[in-house]
Amino acid sequence: MDALFLQVLNGLDKGGAYALIALGLTLVFGTLGVVNFAHGALFMFGAFCAVSLERIFSTSYVTISETEKDFLGNPLKVDVPYIQEWFGSGTANFLQDYSVPLSILLAIVVMGFVGVVMERGLIKHFYKRPHADQILVTFGLAIVLAEIVRHYYGANPIPQQAPEIVAGAANVGNWFGLGDNVVYPWWRLVYFVFSLIVIGAVFAFLQFTTFGMVVRAGMQDRETVGLLGINIEKRFTIVFALAAIVAGVAGAMYTPIYPPDYNLGMEFLVLSFVVVVVGGMGSLGGAVLAGFLLGILQSFASMNEVKSILPALDQVIIYLVAVIILLTLPRGLLGRQGVMED
Amino acid sequence: MSNQVKEQAKTEDEDRGFKRGTPNTVLHIDDVHKSFAGLHALSDVDLDVREGETHAIIGPNGAGKSTLLNVCVGRLKPDRGAVVFDGNVLTGKSPHQINQLGVARVFQTPEVFPELTVLENVMVPALSKRDGHFRLNPFSSFSGEKALRDEAKHVLESVGLQAQFDDLASSQSRGDKRRLELAMGLIQHPRLLLLDEPTAGMARHDTNATIDLLKKIKEGGMTKVIIEHDMHVVFSLADRISVLAGGRIIAQGTPEEIKNNPRVKEAYLGEEQV
Amino acid sequence: MSDRNDLTRRRVIKSGAVAAAGAAATPYFFSRAFADGHGYRNAPKGDTVTLGFNVPQTGAYADEGADELRAYELAVEHLNGEGDGGMLNTFSSKALKGNGVLGKKVDFVTGDTQTKSDAARASAKRMIENDGAIMITGGSSSGVAIAVQGLCQEAGVIFMAGLTHSNDTTGKDKRANGFRHFFNTEMTGAALAPVLKNAFGSDRNAYHLTADYTWGWSQEGSIQKYTEELGWNTTAAVRTPLGAGDFSSFITPVLDSGADVLVLNHYGKDMVNSLTQAVQFGLRDKQVNGKDFQIVVPLFSRLMAQGAGESIKGIYGSTNWNWSLKDEGSQAFVKSFGTKYGFPPSQAAHTCYSQVLLYADAAERAGTFMPSELGKSLEGFEFDGLGNGPVLYRAEDHQCFKDVLVVQGAQNPQSKFDLLEVVEVTPRSQVEYAPELLGGELGPYNNG
Amino acid sequence: MTSSWKDWALLIGFSAVILCLPILLEPIGANYPDLLQKIAIFGLFAIGFNILFGLTGYLSFGHAAFIGIGSYMAMWSYKLLTMNVLPAIIFSTAIAGLLAFAIGYVSLRRSGIYFSILTLAFAQMMYNLAYSVLTPLTNGETGLQTRAIRSDPNQSLLDGDIRVIDQAFGVEEIGVPTTNFFGMAMSGYTGFYFCAVILILGFFIAQRITHSNFGMMLKAIKSNQNRLNYTGINTRPYLITAFVISGMYAGLAGGLMTATDPIAGAERMQWTASGEVVLMTILGGVGTLVGPVLGAGLIKYAEQKVSSWNEGIIADFFSFLPDGLRDFMAEISSLFVGEGWHMTLGLMFMIIVIFLPGGLMEGFRRLSVLFRRPKNRETMKSATIPSTKPGESIAPRAAE
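Protein chains in written order, with the numbering used here: chain A, 1 to 342; chain B, 1001 to 1274; chain C, 2001 to 2448; chain D, 3001 to 3400.
One or more of the hints may lead you astray.
[Stated by the list, open to error] Derived pair list, reagent style BS3-like, types lysine-lysine, alpha-carbon separation capped at 30 Å:
id : chain 1 : residue 1 : chain 2 : residue 2
1  : A       : Lys-77    : C       : Lys-2416
2  : C       : Lys-2172  : A       : Lys-307
3  : C       : Lys-2286  : C       : Lys-2105
[Said to hold, decoys possible] Covered stretches of chain D, as calculated for chain B (at least 3 residues, CB under 8 Å):
id : stretch
4  : 3213 to 3219
5  : 3226 to 3235
[Said to hold, decoys possible] Take a look, some chain D residues computed to stay more than 12 Å from chain C by CB distance:
id : residue
6  : Leu-3019
7  : Arg-3109
8  : Ser-3111
9  : Val-3164
10 : Val-3176
11 : Phe-3204
12 : Arg-3208
13 : Thr-3241
14 : Met-3350
FYI, nobody ran anything at the bench for these hints, they're computed from the structure. Glycine included, every Cβ here is placed at the ideal spot set by N, Cα and C.
Bound conformation, chain A alone:
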């Protein structure tokens, strides 16, 4: 029971991340009709927004220590962060401690900018092109983005700390009257809540704003919206930027769980496509549902009890579920007819 409960939590947490990535991907699919293989790279870019902010906060000037020596026996160079000098050590420590949540702000700005530039500079010209061309150009872009990050940050994963206040694990068991061993990292709980908030915000935005209504109409029938004479181009740009921002903040907040490296995007690329397709092309709700479903199933499949019966189930569960769902439900969980079927 306790074990199951924890696995559900794990699944929700994973599912949150999957859903956030898939959400932006399906938004771009549905409205712009573009297969964006660079979406994983946007997630990775977001993660490196967090890394960058931490780097900015710890940008230092160097003083030579009188007493200490470095590894070669030369006088040690001591780094003093600029923010410590400017704001005093109290503020500096606070900023450094909260650099990951604060990086959301940076991610929104940077990813919004990246999204607009990408859409205006590149994606725009590919709306009418065959999917094969879209795949090639966005895949090329994904490689270039990854290589740029690698050039500046190297290939190794770079750890990020969650704020001190949520560093440990919460005794979730006590809240629900379960055993003492039911503990769960605070940051993962934060991430789950965060993903719900972002998903909720995106849905609210699409549901309750005129802009959102047009976008949803566009997902239903692109041609009609085009005929309405609304400035569809500008809206497409905004949609793409929105997708980039969602992927970006999802990546930034994920860093304490998963130290990011330049290849992070490629790792999530295939998975996010599977999630989107299982959810059904053109369906936002489907993407979210599939994200959580696959997350939870993956967690269950990893349990020792399950693995003792089906040894490698956790290796293939995602794909197995995808196959079963696509063969029983022709258009995934909530997909509509005619989207990306030819």
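Based on the hints, put chains B, C and D in the right spot on chain A.
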């Protein structure tokens, strides 16, 4: 209908094991009912198409004409009732099976193969007619199909597309695409040709040319069902007419009978002067 | 980053007639590789000898590969008598004079393994067939090492393995043309188990999380074998998919299993993620069976451990070498590497540097580059001064035997490089095993 | 007929270029057996992939599975039967065909991206299993390799081979034997010419298929599958056949990989490998005959050669420049070559698809149009529909 053609058609049919239905009736639509989300698109539709005739189905917008056609070619499955073609129940068969039985369809919005040339567009249905629904022949030479090619050219010439054999279908004007559609149907020598508004969107002189062409085919004895809006076309071509309104057949008869039918006038009131 | 630019500039200065060498290398038929009468493949013509450095330059191990390449370039400098000579000065064998090898200037070509067997073999083949490389070295995973070793055997050149920790490299997959300086899981188990027993007691229940592929299984087996000999109990050994990313579903069952030690048989990114996440789950703050819960990472890599950040503090593991060692050889190497690149070398860099020196020395002592002769002079070779104390290149399996370092994540790091502190140096005698233990057959040398 | 004369000319030209590759590629330093073999093998793979993707438009993201199964089958043939490559490549082609039938039969129930994800899922499952629980068959991470004949019948087949046919013929083995084709060693240039001949054969078959009635049906499926159904064609068996044929090409390519380099690893089946062949095909020109081979060559060249241009080589290259400028140039280029070769690959993808929709073959077509005054209407028109109309277009222009 010339006896020679008739005889030929008959032997072909017997070769394929066709069973002859009621004498003279090629297509029998039997009590077909179809509704979409509670909306009755077709109710109790009964219709007989006779051998060799040109049968027009007319009716106001939303009368269910296209639904009826889609039921005939297997795109839609009726909720009730059946479509029988030449002794074969079409209901439940897939589109390619129905075509192989000898029913060809000409689409309203041109459904050509845009990336193929005009000639290839016509040769593909010709191959299907000759080789059946599937033949594994990866080493046959398409360019070596001289007989088929000549026939395709002939058909294309008959619809007036002789100048653009090797042009891509996608580069054709809408009118030329409609003609191409027609050629794709004709080359199969179907026992039954279903034409969905063959002249919709055509300029007047194109329409007349098409009427002339269809008249010429009529002399060849091919059975045709035409769905049409343009009364000029209908009265020029049809032997018999069925009028569909609100998903029901409200009248059936020769052009003369239909012209004078009060219910038809009522159905068309305000839409078009008959 | 500044150190990269720095590096680039330095590498640029060091140029060789590599392109020329490549162009001059005539096409070979693999079966009849030599027409020049030397009797072995790629026998150096002219006054240079070309070595092939095959390291991961893309993918998860790219930084490790870059560090290996730095070490190789340093080694080539020292062999050619440039720089401060590094460990050449402390090496017990004095055959090398700093004037190249056998009077020929050392040159090199590089290739990207991508940490994939296919890519690694392709790039090794390029260096052998196109660039005339006489020896291939490098790599940072066992799968790649074994694949390239097999290729070098077929092609008839010597393979000096880089970072490869699986038993199989010099066990059931050993080849006459292949040599390994790095240690293996068997030695890790033998060295680590007694230290763990001393630190945590003999009454412990271990829970293994193991990367689900050959190296992981090999590691799990060795640790289990040696800890159980000392009285530990293995609660469970769970396989995790390679590159799982999120290990939470594997970590939560640990909480409830009654185990009080978690052994992470992961390397690279898997290690970074599983360790980070295990610590987040509060495992190290727990008390089980009245004892503090402990985490062990049997194979540590300082370079990779940086990715785990704070999480590695106090974690036990083993390593082939660490820059903080105080012996003469290590100091010389750190000094020379640190001066050139501005940061200390990794264990991967150390093993690669050593391998090049060992190869060159063997050639010098054998008086030829011919694999069969050169290999024989490495077999049973005893040496010292390369940072690991006295070392034996065992003839039976071409595996180096040396002291093993048991390390712990530094509690109070003095610098960002100061991640590991050496807890114990397990003597060579304690980690030696019979060559038959791991099976396999060297077979005959192949000269091409 | 004129068109068939053109076909023969293309075939002869193609064969001549492939057979002369060792000479033609010398100026760019690509004239060594391994790269030549890889170009031929991946060219074959891409040609086969193009029969599915280029003709029908169905984008499979799991074709690496067939390369993988082909490699494993061939390895087992070496281990159990004989080091002769002939049975090995027959097995790999046949078994890959069977697997392709099974996967195709299921996956082709869906179209578009749903089909792509189904094929991806099957391949990824095979990859994950081959890497872990199927290790007794695949030797997991290390990869399946040939071994010396085992002396002890209890020894695992992974560690010792039996090679019954070779043993029956009393073939002497010293150490681990290499692959051969009736005594001809399959490494080096012999291996390349063996692959080259099979590539030419594969090209010929692909050409026949493309210009056959069957090929015309596949093109019609790509163009308008729905319409084809209404003209009486059952598209499903056509699609399955195309899938199986392309799967057999992939299996054959997998077999050839082990023939020239006897090892089979699971990573050959990873999605990146499936993606690679997609990229090769698009890069060269989807639906063209020559394009996929060109794309394969370019990507393999980048992987093998561009990655090897380290700082030393760059410095030599720019050695004619003054010191400061040379360092600067070397610095800039090191972003794109050596360890930065991925960057070059990524930029190449982007540039080609942005400026040459339709791939490299489209580029050649445009060049040829530049030189020949565009006099007939057809060239003008075909320029507006990029995806089908390259120089050696698959659409036979029945020129009368």
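Checklist entry - For D:Leu-3019, which was marked as not at the interface, is the minimum beta-carbon distance to chain C over 12 Å? => result Consistent with the label, D:Leu-3019 stays out of reach of chain C, its closest Cβ about 15 Å off (over 12 Å).
Checklist entry - Any Cβ of chain C at or closer than 12 Å to D:Ser-3111, or is the non-interface label fine? => result holds, 30 Å
Checklist entry - Is the Cα-Cα distance between C:Lys-2172 and A:Lys-307 30 Å or less? => result holds, 29 Å
Next on the checklist: For a C-alpha distance cap of 30 Å, please report whether C:Lys-2286 and C:Lys-2105 respect it.
Outcome noted: violated, 59 Å
Item to check | Nearest-CB test (12 Å) between chain C and D:Met-3350 | outcome: holds, 18 Å
Item to check | Beyond 12 Å from each Cβ of chain C, as asserted for D:Val-3164 | outcome: Holds, because the least Cβ-Cβ distance between D:Val-3164 and chain C comes to about 21 Å, which exceeds 12 Å.
Checklist entry - For the stretch 3213 to 3219 of chain D, do three or more residues have a beta carbon lying closer than 8 Å to a beta carbon of chain B? => result holds (count 6)
Next on the checklist: Hint check: A:Lys-77 vs C:Lys-2416, CA-CA at most 30 Å. Holds or violated?
Outcome noted: At roughly 12 Å apart (the allowed maximum being 30 Å), C:Lys-2416 and A:Lys-77 satisfy the hint.
Checklist entry - Any Cβ of chain C at or closer than 12 Å to D:Arg-3109, or is the non-interface label fine? => result Correct as stated: the minimum Cβ-Cβ distance to chain C is 28 Å, above 12 Å.
Item to check | Least C-beta distance from D:Arg-3208 to chain C larger than 12 Å | outcome: holds, 31 Å
Item to check | D:Phe-3204 remote from chain C - nearest C-beta pair above 12 Å | outcome: holds, 27 Å
Checklist entry - Are all beta-carbon distances from D:Thr-3241 to chain C longer than 12 Å? => result holds, 30 Å
Figure legend: structure checked against the earlier numbered hints; hints not met, in rising order: 3 and 10.
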